[in-house]
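**Q** Residues per chain, in single letters:
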Amino acid sequence: MSLDFKPVYLDSTKCNGCVNCMKRCPTEAIRVRGGKATIMYERCIGCGECVRVCPTHAKKEFYDSLDSIKNFKYTVAVPSPSLYAQFNNIYDTNYVLTALKRLGFDDVVEGAIGAEYVSAATAEYIKTQHRSRKPVISSACPAVVNLILMRFEHLMDNLSPIQQPEEVTANMARAKAQMETGFNDSDIGVFVITQCAACVMGLKNSVNARIDGVLSAKEIYFPLLAELNKLTPADLENLSLAGSLGVSWGASSGEAHGLKTDNYLSADGMENVVAVLNDMEHDRLSGLDFIELYACTLGCVGGTMNIESPFLARTRLRKLRNSMQEKPVSVTDFSAYKRKEAYRCNNVFKLDDDMLVAMRKTLKVKDIYSRLPGINCGSCGAPSCMAFAEDVVRGTKAKCRYTEAYLDDKRSKTKA
Amino acid sequence: MSELIHLHYDVDGEDFVSCGHASEDVRRTLKSIGISGEVIRKVSIAMYEGEINMVIHADGGVADVSICEDGIVVTLSDTGKGIADIDQAMQEGFSTATDEIRELGFGAGMGLPNMKKYSDSMDIKSEVGKGTVVTLKFNL
Chain G
1 MSLDFKPVYL DSTKCNGCVN CMKRCPTEAI RVRGGKATIM YERCIGCGEC VRVCPTHAKK
61 EFYDSLDSIK NFKYTVAVPS PSLYAQFNNI YDTNYVLTAL KRLGFDDVVE GAIGAEYVSA
121 ATAEYIKTQH RSRKPVISSA CPAVVNLILM RFEHLMDNLS PIQQPEEVTA NMARAKAQME
181 TGFNDSDIGV FVITQCAACV MGLKNSVNAR IDGVLSAKEI YFPLLAELNK LTPADLENLS
241 LAGSLGVSWG ASSGEAHGLK TDNYLSADGM ENVVAVLNDM EHDRLSGLDF IELYACTLGC
301 VGGTMNIESP FLARTRLRKL RNSMQEKPVS VTDFSAYKRK EAYRCNNVFK LDDDMLVAMR
361 KTLKVKDIYS RLPGINCGSC GAPSCMAFAE DVVRGTKAKC RYTEAYLDDK RSKTKA
Chain Z
1 MSELIHLHYD VDGEDFVSCG HASEDVRRTL KSIGISGEVI RKVSIAMYEG EINMVIHADG
61 GVADVSICED GIVVTLSDTG KGIADIDQAM QEGFSTATDE IRELGFGAGM GLPNMKKYSD
121 SMDIKSEVGK GTVVTLKFNL
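Going down the list, the sequences are from chains G and Z. First residue of the first sequence? That's 1 in this note's numbering, and the numbers climb one at a time after it. First residue of the second sequence? That's 1 in this note's numbering, and the numbers climb one at a time after it.
Source of the hints: derived by calculation from the structure; they are not laboratory data. Keep in mind that the hints are not guaranteed to be accurate.
Listed next, the in silico DMTMM-like pairs over lysine to aspartate or glutamate satisfying Cα-Cα at most 25 Å (straight line) [claimed, not checked]:
| no. | chain 1 | residue 1 | chain 2 | residue 2 |
| --- | --- | --- | --- | --- |
| 1 | Z | Lys42 | G | Asp353 |
| 2 | G | Lys350 | G | Asp64 |
| 3 | G | Lys366 | Z | Asp85 |
| 4 | G | Lys204 | G | Asp353 |
| 5 | Z | Lys116 | G | Glu42 |
On the chain G side, residues computed to face chain Z include the following (Cβ under 8 Å) [stated by the list, open to error]:
| no. | residue |
| --- | --- |
| 6 | Asn158 |
| 7 | Leu159 |
| 8 | Asp283 |
| 9 | Cys345 |
| 10 | Asn346 |
| 11 | Met355 |
| 12 | Ala358 |
| 13 | Tyr369 |
By construction, the Cβ of each residue, glycine as well, lies at the ideal position given by its N, Cα and C atoms.
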């Protein structure tokens with residue numbers, strides 16, 4: 001995983017040093033040091049859990065500002081499907097797409113159309129796979145992909161090699177812009193509008209598509225709403241390409257819906273994703289063709305950069321989808337949509353590159369851990385007693401405020 | 001093979017739906033050592049099946065894991081009812097689990113076959129009425 005662009009940062013003036021984000025992080029990437037939550041970026045998968053749970057709103061996502069579109073002669077917006085669900089009473093996607101153009105974009109190509117090609121390519125890919133590579137795990141949620149490469153590396157071969165929908169759409173958008181304008185590549189700016197930190201990180205680091213900026217749904221919400229309110233039916237441009245299947249991708253199960261199979265499992269929310277991956281690791285999910293996993297509750301409508309609650313947003317998306325027709329796309333050769341780089345596992349948890357040294361360190365960890373209270377209170381600044389023991393062996397200076405008390409306690413009990 | 005790390009777990013016989021605690025800890029340990037994902041997966045599946053077996057058939061037991069320079073040895077010991085016919089127990093689909101357990105998605109008769117499939121060698125010693133010891137070896 002390339003980390004040239006980071007997903008989240010800490011506003012240290014707002015951080016009060018509580019343990020909420022640290023306790024929720026699925027890769028134990030946060031420590032509280034000097035009264036502030038520090039992020040170990042080599043472990044951060046961009047899932048946004050810390051942003052979601054921070055009571056003082058000190059954790060924030062990185063994204064580009066709308067002003068950055070001014071740096072290009074010709075700009076194209078690529079909105080994610082969940083954007084439609086942020087607004088009430090949208091029964092024609094052309095309203096949102098036309099309003100986006102009025103924000104200053106020269107063209108709009110909806111992310112939902114790339115999603116439809118990804119569905120078609122994924123369906124072809126699944127057909128060609130041996131039983132040992134099934135179920136195929138969706139690679140659409142970048143936080144889930146990063147989690148698997150870090151914590152479940154042996155499930156790597158089950159990950160779908162197909163690109164993210166936004167990458168497919170961005171490539172389509174750039175090709176269209178080049179053909180229609182004749183501008184140089186560097187004059188064309190392709191901007192994805194997304195709902196989550198993992199997407200920003202994944203797309204800014206993408207090797208599959210050139211994406212010039214990634215904007216957040218929450219930043220463009222109010223300007224976009226203002227444009228939407230001004231639109232009359234006569235103003236509408238016919239910009240929509242995708243049908244109901246692509247729009248469905250905005251919420252969990254939508255992606256699997258496009259595969260036209262019911263032999264799939266769909267789970268969302270980080271704890272549920274981890275539980276499903278554990279089941280898969282124990283070989284309890286063989287027989288399925290496809291597993292769709294999203295780090296956010298209910299899928300992309302649950303992204304931290306959305307405005308609306310995921311539950312209401314899902315309802316709106318369902319109503320929109322049901323008012324639309326399916327527009328099937330066909331992909332005969334999925335390789336055109338394959339990622340350009342193979343997945344690489346990223347074991348950040350090993351204690352040393354030399355296995356024998358790592359074994360010795362592991363023994364030290366077990367020894368330290370056996371003397372800790374095991375209550376995982378987090379007051380030492382590590383998310384669990386085990387993480388504390390590992391940190392100490394890695395050379396961090398930290399103290400457990402309870403250890404002495406507990407040891408004394410045990411001693412006195414023995415005496416009695 | 002000289003042992004470098006020894007891990008010991010009591011496998012609680014009360015609740016098999018939440019069982020897997022030992023294999024979970026073993027996975028974390030193997031990951032911190034830097035053992036390859038493929039080996040971790042094999043150990044994890046085989047050991048999880050072993051834990052489930054001990055809970056379903058023997059009211060729990062103990063799991064011991066020896067990590068050596070060239071391999072990992074997992075020993076699962078219980079003092080349960082024992083296996084009368086080991087060859088029969090090794091057949092895929094053969095199970096003596098109750099309907100209640102099968103309804104929960106366990107007891108499909110794949111436990112021992114999976115333990116054999118995912119380990120590099122497997123040995124079973126069992127005596128009816130006394131208990132069972134399964135030894136699994138994994139090469140590094």
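**Q** The structure should be examined with respect to each hint, and the outcome stated for every one.
**A** Against the structure, the hints:
no. : hint                : in the structure
1   : Z/Lys42 - G/Asp353  : 22 Å, holds
2   : G/Lys350 - G/Asp64  : 34 Å, violated
3   : G/Lys366 - Z/Asp85  : 39 Å, violated
4   : G/Lys204 - G/Asp353 : 30 Å, violated
5   : Z/Lys116 - G/Glu42  : 37 Å, violated
6   : Asn158              : 11 Å, violated
7   : Leu159              : 13 Å, violated
8   : Asp283              : 5 Å, holds
9   : Cys345              : 6 Å, holds
10  : Asn346              : 11 Å, violated
11  : Met355              : 6 Å, holds
12  : Ala358              : 5 Å, holds
13  : Tyr369              : 10 Å, violated
Hint compliance for this structure: hints 2, 3, 4, 5, 6, 7, 10, 13 are not met, and every other hint is.
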